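Enquirer: These are the residues of each chain, in order.
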Amino acid sequence: MNVVVLVKQVPDTATRIKIAAGGAEIDRQGVNFVVNPYDEFAIEEAIRIKEQHGGQVTVLTVGDAKAEEALRTALAMGADEAVRVDAQVQDPMTTARAIAFALRDLSPDLVLAGKQAVDDDQGQVGPLVAALLDWPQVTVVTKLELTGEGGVAEREVEGGIEVVEFSLPAVITAQKGLNEPRYASLPGIMKAKRKEIRQISADASVTGEPAVRTRSLALPSARSAGKILTGMDAPAAAAELVRLLHEEAKLI
Amino acid sequence: MILAVLEVQDGALKKISYEVLTAARAADEALAAGGVAALVMGPGAVQAAQGVPASAAHEVLCAEGDTLSAYAGQAYAQAVLAGAEAASAQVIVFGATAFGRDIAPRVAAARSAGLLMDVTELFAQEGCLAARRPVYAGKALAEVQAAGPQAVAAVRPNAFAAQAQGGPAAPARALAVEVDPASVRARVREVRREAAGRAELSEADVVVAGGRGLKEPANFGLVEDLADALGAAVGATRAVVDAGWRPHHEQVGQTGKTVSPALYFAVGISGAVQHLAGMSSSRTIVAINRDAEAPIFKIADYGIVGDALEILPKLTEEVRRAKS
Ligand SMILES: Cc1cc2nc3c(=O)[nH]c(=O)nc-3n(C[C@H](O)[C@H](O)[C@H](O)COP(=O)(O)OP(=O)(O)OC[C@H]3O[C@@H](n4cnc5c(N)ncnc54)[C@H](O)[C@@H]3O)c2cc1C
Ligand SMILES: Nc1ncnc2c1ncn2[C@@H]1O[C@H](COP(=O)(O)O)[C@@H](O)[C@H]1O
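Those protein sequence lines, which keep their order, are chains A and B. As numbered in our numbering, residues 8 to 259 make up the first sequence, in order. As numbered in our numbering, residues 2 to 325 make up the second sequence, in order.
Next up, chain A with everything else stripped away, as it sits in the complex (with noise of 0.2 Å):
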């Protein structure tokens, strides 16, 4: 089994968030860069199946050549080869174009993504490969059982679970619960850090324009300061929350 992991770069989720001079982007100063946790469970199910199947995981980015720390995270959690799609990350139609490119050329039979990348908290590049490809796709996967041709994968819906069958090549997006990522072994770090990192480049005759544009980032605005109840016994805070929320908030 021949498996793509796709792999973005992002700011660790405690980032503080500042805005940068032109306002349409984050301050990336003094920011820390992490591999994108729903992409680590897409790793980890990635090197599981070859564990179990046989075969190759290369992981993938789209980016500038910081992101490959990203990939190279992945290759000392024990993915085999690495590719950096050379190209600047503007949307998430880009992207995918870009990706879609490159794995033409890679022909995975299986292509795993993270269910969204917590930056641009969009869910959209998998689907969107997925499609360009014309191939299936499970979103929100939290269970993955492949079978020769195909597979069952288990995904998250309001109010249950479905379970979606699908024949290969197809594109899955990892949920949490999916599995436990593993941490990269010294040994892994150490190869890692030797491995060569493909370069494929993907210019605007790939990627074409952009289908989205940011205009603006602005933080929200702070909430007016709450009526927090302190130094009060339980029942007479319970009965003043209740008369706030029945009186001024007409919620009850």
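Don't take each hint at face value.
Below 25 Å or equal to it, Euclidean Cα-Cα: the simulated DSS-like pairs (lysine-lysine) are [what the hints assert, rightly or not]: (1) B:K299 / A:K25; (2) B:K16 / A:K257; (3) A:K257 / B:K315.
Keep in mind that the hints were calculated from the coordinates and are not lab data. Bear in mind that the values here come from a model prediction, so they are computed numbers and not experimental data.
Use these hints to put chain B with the ligands onto chain A, whose structure you have.
Expert: Quick look at chain B with the ligands alone, frame taken from chain A:
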């Protein structure tokens, strides 16, 4: 024209469908697009179509048939594309639900249209559809704009007021959809529903969520009592889900559900950023925490500093009294 893609369950429209109708009208007003058409698909579509008020849409397109008998993204995407064609729609609006998030990108890719995902507000800019959407787990708000006149939007549940129900129904029309079965290579085989009882978390108007501050699983009985008194859904943090105290489907946050109820109770919850990502767009937030410095108080509209185990039973009592 704006196409509102509605969701059906057991022959009726789901709550999100009425929110999608409101959002579609907002898009129509912003773009002067000539009106709203609605689309219902799959088993029970014709019956559910009767729930679309004439005040919300010019007409309802109904797509049924074997290829739509169980959810299959590739088949449903073809039905939406056919619906957009039939309605001459320039913009297609979905709910940002498990369904909408799965299918909207496929539809956007097929139309080479920009997809405004998980948006809380829709408006026009330079003649194109534009929106506001939370990014960085809700720590920032982005203003995004489709690059061309064709656009797709998926609206966050509970961000748009639901269209009023009742009155005469919009006229319905059957939509013929030809789907080549060979083009459908993923299909739902089975749906395992959670036992119904309380309101569904992502649709609920009131949510009572508990965290590690409840000390042990049995104390969640106090959370459930308050939820029942309020007619609310129960939520949980990842910490208590990972500990096995509560089922995963109750988890609120980045790895769980996104909720925007009118009223959210955070009980014994510290307010970690990944939890806030799932609930910070709630309209009114109430926090109960022993620690006055807990980050959750920064976004709370109301709060009590104190022991949740003592406060919860009293609160339930007071709510029952206020409601009776
Ligand atoms: C990639 C990633 C994704 C994540 N996704 C999610 C997610 O989707 N949802 C989520 O919730 N978390 C998520 N987390 C975890 C998150 O970072 C926090 O660890 C978690 O939300 C903490 O849960 P908690 O508030 O229940 O526990 P704690 O942080 O331990 O807080 C317990 C609170 O209870 C208070 N308390 C203690 N005793 C009492 C008492 N008797 N009465 C009242 N208050 C009391 C304490 O003061 C404290 O504030 C994620 C983390 C990562 C890294
Ligand atoms: N620049 C990128 N390079 C590689 N994979 C990406 C990139 N952007 C997004 N992805 C993949 O698509 C998933 C969803 O991202 P998004 O649509 O941006 O929320 C991520 O979890 C990654 O698996």
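Enquirer: All hints are to be evaluated individually against the structure, with a verdict given for each.
Expert: Here is what the structure says about each hint:
1. This hinted pair checks out: B:K299 and A:K25 have alpha carbons roughly 18 Å apart, not beyond 25 Å.
2. Between the alpha carbons of B:K16 and A:K257 the distance comes to roughly 22 Å, so the proposed pair stays at or under 25 Å and holds.
3. Taking the CA atoms of A:K257 and B:K315, the gap is about 20 Å. The hint holds against a cut of 25 Å.
The structure is consistent with each of the numbered hints, conforming to all of them.
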